[in-house]
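Asks: Here are the chains, one letter per residue:
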Amino acid sequence: MCLGVPGKILEIDGTIAVADFGGVRRKVALDIVDEPVAVGDHVLVHVGFAIRRIAPADLEQTLAFFDTLAADEREELGP
Amino acid sequence: MTPPDRIEFRDVARGRALSRRLEQRLESAGRDVRVMHVCGSHERAIARYGLRARFPANLHVHMGPGCPVCVTDAPEIDASVTLAARGHHVLTYGDMLRVPGRAASLEDARAAGARVDVIYAATQATEIARASADPVIFFATGFETTAVATAAVLLADPPPNLFVLSAHKWVPAAMEVVARSPDSAIEGYLAAGHAATITGYGLLEPFVQRHRRPVVVAGFEPLDLLSALVVLVEQITSERSELVNAFPRCVSRDGNRRALDALFRVFELGNGDWRGIAHVPGGELRLRSEFAAHDASVRFAAELATVHSEPAAQPAMEQCRCGSIMTGRSTPLDCPLFGTRCRPSAPVGACMVSSEGACRIWHEHGARGVESAP
Numbered sequence: 001m002c003l004g005v006p007g008k009i010l011e012i013d014g015t016i017a018v019a020d021f022g023g024v025r026r027k028v029a030l031d032i033v034d035e036p037v038a039v040g041d042h043v044l045v046h047v048g049f050a051i052r053r054i055a056p057a058d059l060e061q062t063l064a065f066f067d068t069l070a071a072d073e074r075e076e077l078g079p
Numbered sequence: 001m002t003p004p005d006r007i008e009f010r011d012v013a014r015g016r017a018l019s020r021r022l023e024q025r026l027e028s029a030g031r032d033v034r035v036m037h038v039c040g041s042h043e044r045a046i047a048r049y050g051l052r053a054r055f056p057a058n059l060h061v062h063m064g065p066g067c068p069v070c071v072t073d074a075p076e077i078d079a080s081v082t083l084a085a086r087g088h089h090v091l092t093y094g095d096m097l098r099v100p101g102r103a104a105s106l107e108d109a110r111a112a113g114a115r116v117d118v119i120y121a122a123t124q125a126t127e128i129a130r131a132s133a134d135p136v137i138f139f140a141t142g143f144e145t146t147a148v149a150t151a152a153v154l155l156a157d158p159p160p161n162l163f164v165l166s167a168h169k170w171v172p173a174a175m176e177v178v179a180r181s182p183d184s185a186i187e188g189y190l191a192a193g194h195a196a197t198i199t200g201y202g203l204l205e206p207f208v209q210r211h212r213r214p215v216v217v218a219g220f221e222p223l224d225l226l227s228a229l230v231v232l233v234e235q236i237t238s239e240r241s242e243l244v245n246a247f248p249r250c251v252s253r254d255g256n257r258r259a260l261d262a263l264f265r266v267f268e269l270g271n272g273d274w275r276g277i278a279h280v281p282g283g284e285l286r287l288r289s290e291f292a293a294h295d296a297s298v299r300f301a302a303e304l305a306t307v308h309s310e311p312a313a314q315p316a317m318e319q320c321r322c323g324s325i326m327t328g329r330s331t332p333l334d335c336p337l338f339g340t341r342c343r344p345s346a347p348v349g350a351c352m353v354s355s356e357g358a359c360r361i362w363h364e365h366g367a368r369g370v371e372s373a374p
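Chains V and B, in that order, are what the protein sequence lines are. All residue numbers for the first sequence refer to the working numbering, where the first residue is 1 and numbers rise by one. All residue numbers for the second sequence refer to the working numbering, where the first residue is 1 and numbers rise by one.
Chain V on its own, in the form it takes in the complex:
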């Protein structure tokens, strides 16, 4: 139940969108998402409601964070 699933927005009709979850299409309500969502965006969905738009910049920030932590082992990461 308490499972957050990231999905990609395929269509939007008012406050209802259709999103793709790894090949499964489901309706997603946009009533409480934190910022405007467009087709092609990724959103985090809980029990049918989008609760967060996942911006591409935020994804990059996370990867950079992993790399900072792994900095001691940098040489092990390869080219």
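There is no bait here: all hints are sound.
Only part of the chain V face toward chain B is listed, based on derived beta-carbon distances under 10 Å:
| id | residue |
| --- | --- |
| 1 | G4 |
| 2 | E35 |
| 3 | I51 |
| 4 | E60 |
Only pairs whose alpha carbons sit at most 25 Å apart, straight line, appear in this in silico SDA-like list of lysine to any residue:
| id | chain 1 | residue 1 | chain 2 | residue 2 |
| --- | --- | --- | --- | --- |
| 5 | V | K8 | B | G200 |
| 6 | V | K8 | V | G23 |
| 7 | V | K27 | B | I119 |
Everything labelled a hint here was simulated from the structure, so no lab data went into it. Ideal placement from N, C-alpha and C gives every residue a C-beta, glycine not left out.
Got chain V sorted already, so can you dock chain B onto it with the hints?
Replies: Quick look at chain B alone, frame taken from chain V:
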């Protein structure tokens, strides 16, 4: 630009590097370090990706009160079963179906002919009620992440025959209970990334100040968890107690204000009982009186009047260690019922019922590689 694929959060080279860093920190600590996460999805990710088998032997990662199904109190289940048994149409999320109340589960009621349907999205409750002439009762369970969905349903002009039986719970209140328990050996906490997506990590600041224990907000991919553990262990071994957001792609300081506003327009915090944890001050999300017209506990008060006075049953429950496991004092392997009298096909305690419960996850993924009790 195209967002990176999720696979990048499972990158093996980065994972190895983070694992080594974790090992180094625990080796130089030279003692046991005990931490807790409060999320079934964290435990599932730890088990699924085999992380626990790779944790250093002196790192103990406990699963706290992070399974909403597990902490839904037996009288709350009983209330839903009572309404179903009296002929009302009850909707619930799938993992609630098999959770035993004191006498029966919703599945038992359904087998006896009651009208119980499973939904996967809160909006289905509205759709089903609109298509029905009868009262439709949505047994709404879960933490703030699912409570916001219930709130949004009630704010979107719901049909008059839709009633919510709320068992929603507020996670920060249970962390408080664990941190205050006098025999707690937990030195730091991983906070659930999705709950923090709603509430914001700033909400945890007073907890960190009050208990002088570090809290790291963690995501759900293997690298999210490993990096969060590295940060948490570094905080503990260097005797720092800070709040760190290790899930920045979803979590901000203030959270989702729109969702939080919806949540607290519909619900208010009350004191409640959590299964296995006992009384949790401020741990319950109750419908505000403005929503009494859709509150099943108001509309069906007469039918529910007997629920709370029914006696407890099941002598095996007395041996169940769910409460001790959820407060970080035991692991599933310490429980005399684990894997014997208590199994996924015949659960005794709530931790075995839900796919988000610690016992169920340990049972499914095997004990190999999991830590033994202290």
